[in-house]
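Asks: Sequence:
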Amino acid sequence: MSQTAISTLNIPQDVQRASDFLDKLFSHPCHFDVDLWDGTRLAFTNDPRFTLVLRSPGALRRMLRLPLELSLAEAFIRGELEIEGDLISAFQLFNSLATQLSNSNLLRLLLLWFELPKERPDFETTGRKAARMSGSSHSRARDRAAIQYHYDVGNDFYALWLDKRMVYSCAYFVSGTEDLDTAQEQKLDIICRKLQLKPGERLLDIGCGWGGLVVYAAQKYGVQSMGVTLSKEQHILANQRIAAAGLTHSAVKLMDYRDLRGEPFDKVVSIGMFEHVGKSHLPEYFGHIYNLLKPGGLFLNHGISLHPDNTNSSVWAHFVCRYILGAGSFFNRYIFPDGELVPVSEVNLTAERTGFEVRHLENWREHYALTLRHWIQRLENHHPEAMRLTSEEVYRTWKLYLSAAVYGFESGGINVNQTILYKHDNSRNYIELADSKRCCISGNVSSSRSSFGTQP
Numbered sequence: 001m002s003q004t005a006i007s008t009l010n011i012p013q014d015v016q017r018a019s020d021f022l023d024k025l026f027s028h029p030c031h032f033d034v035d036l037w038d039g040t041r042l043a044f045t046n047d048p049r050f051t052l053v054l055r056s057p058g059a060l061r062r063m064l065r066l067p068l069e070l071s072l073a074e075a076f077i078r079g080e081l082e083i084e085g086d087l088i089s090a091f092q093l094f095n096s097l098a099t100q101l102s103n104s105n106l107l108r109l110l111l112l113w114f115e116l117p118k119e120r121p122d123f124e125t126t127g128r129k130a131a132r133m134s135g136s137s138h139s140r141a142r143d144r145a146a147i148q149y150h151y152d153v154g155n156d157f158y159a160l161w162l163d164k165r166m167v168y169s170c171a172y173f174v175s176g177t178e179d180l181d182t183a184q185e186q187k188l189d190i191i192c193r194k195l196q197l198k199p200g201e202r203l204l205d206i207g208c209g210w211g212g213l214v215v216y217a218a219q220k221y222g223v224q225s226m227g228v229t230l231s232k233e234q235h236i237l238a239n240q241r242i243a244a245a246g247l248t249h250s251a252v253k254l255m256d257y258r259d260l261r262g263e264p265f266d267k268v269v270s271i272g273m274f275e276h277v278g279k280s281h282l283p284e285y286f287g288h289i290y291n292l293l294k295p296g297g298l299f300l301n302h303g304i305s306l307h308p309d310n311t312n313s314s315v316w317a318h319f320v321c322r323y324i325l326g327a328g329s330f331f332n333r334y335i336f337p338d339g340e341l342v343p344v345s346e347v348n349l350t351a352e353r354t355g356f357e358v359r360h361l362e363n364w365r366e367h368y369a370l371t372l373r374h375w376i377q378r379l380e381n382h383h384p385e386a387m388r389l390t391s392e393e394v395y396r397t398w399k400l401y402l403s404a405a406v407y408g409f410e411s412g413g414i415n416v417n418q419t420i421l422y423k424h425d426n427s428r429n430y431i432e433l434a435d436s437k438r439c440c441i442s443g444n445v446s447s448s449r450s451s452f453g454t455q456p
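Sequential numbering of the sequence shown, starting at 1, is according to our numbering.
It is worth saying that the hints were derived from the structure and are not from the lab.
Any given hint could turn out to be false.
[Claimed, not checked] Derived pair list, reagent style EDC-like, types lysine to aspartate or glutamate, alpha-carbon separation capped at 20 Å:
#	residue 1	residue 2
1	Lys164	Asp189
2	Lys279	Asp256
3	Lys232	Asp259
4	Lys24	Asp35
5	Lys164	Glu185
Keep in mind it's a predicted model, so treat the numbers as computed, not measured.
Model the full assembly from the supplied sequences, consistent with the hints where possible.
Replies: Set out below in structure tokens:
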């Protein structure tokens, strides 16, 4: 980079220092360029996938404070750092930083960082603040605050870019060419068929969102559906939709699932909720759901899981990831406070130890990547409305979060799994799940072949 990055004479000192630092920070070859605040372009490649744009002399120093993930994200949210071009591919850069910092002389980089301009910021944060959690981890009050921080941004904001049912979880694409509304309805129907819902059965949806499945299952399968959520805004809109649909035997309650008591349910579903539970609380989660379910009943657990760590990674690499890069710090402060992803093998082992039997498991990560790409496009298409309803900073926060998630799913760093769990009924042999035409959905989805699962 240093031979072609700057071709002018009389280079300002702050520009030269920024160039020197970036030359040492990134491994080569690079697939991006950098535009500095004075118009100088640092040309890393002849065919950049994206361009990092630094808006002020002090931006580089601020965005590279520890932990790096949080500082880089906040610089983007504030608009100090812009990424022109393919934002999703830019997340590969963060992964390359992990490798570079694990193998390079951090002291040398630190000395160069101290020489960077430290001009005071000329911006003022006016949008949504970072989450500040208090109280015992995963107490009822803290969990309620964490959920409301993310989901109570505004129903109108979410309606801009979700489907018409406002299903805020992975859709299912049979061909890959469906619109989002169709793909989400296909997902809801798959869930209902996996649960083998029958008219008159009682269905519980834990973390029901805006009631998409509660309404769909009642209308299409004739069940008495009940949902619970900790989001005030979801609770209001979900019940409005239930009333508008004339569903007298369905409701959504504003309550913690741990407070549910009474007659057990025939079927239970949890979609995109157990990520909020926390690894140490999974036994309580599965244990309480086990008690809420009738013998012989089914529980469908759907959520994002973490790919297991590479056990060959060095202690130093783990130190860099946790304390220097701060992996997960952006999501914890601005997206899902107290959220925690766990490998699906550990999740299902906990379920088995509770008493459940694992009957069926799928990975839908390619479907979630495509769902997220739909959401990003719809959000970008409604940029002015999103700013009017919230702020530019909220818009940029969600754009960053959704793009990071696409990269996570497409790279295989995270997965989304659906597991069917069965509560034994010793009075009969349970064989219905062996009928693949009824419930087992093809999971042969390959992004590399651009093909999707066959029609269930």
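Asks: Determine for every hint whether it applies to the structure shown.
Replies: Hint check:
For the suggested pair Lys164 and Asp189, the alpha carbons sit about 16 Å apart, so the restraint of at most 20 Å is met. Under the criterion of a C-alpha separation no larger than 20 Å, the hint pairing Lys279 with Asp256 is consistent with the structure, at around 18 Å. The straight-line distance between the Cα atoms of Lys232 and Asp259 is roughly 17 Å, inside the 20 Å bound, and the hint therefore holds. Taking the CA atoms of Lys24 and Asp35, the gap is about 17 Å. The hint holds against a cut of 20 Å.
Taking the CA atoms of Lys164 and Glu185, the gap is near 10 Å; set against the 20 Å cutoff, the hint holds.
Checked against the numbered hints given earlier, this structure breaks none of them.
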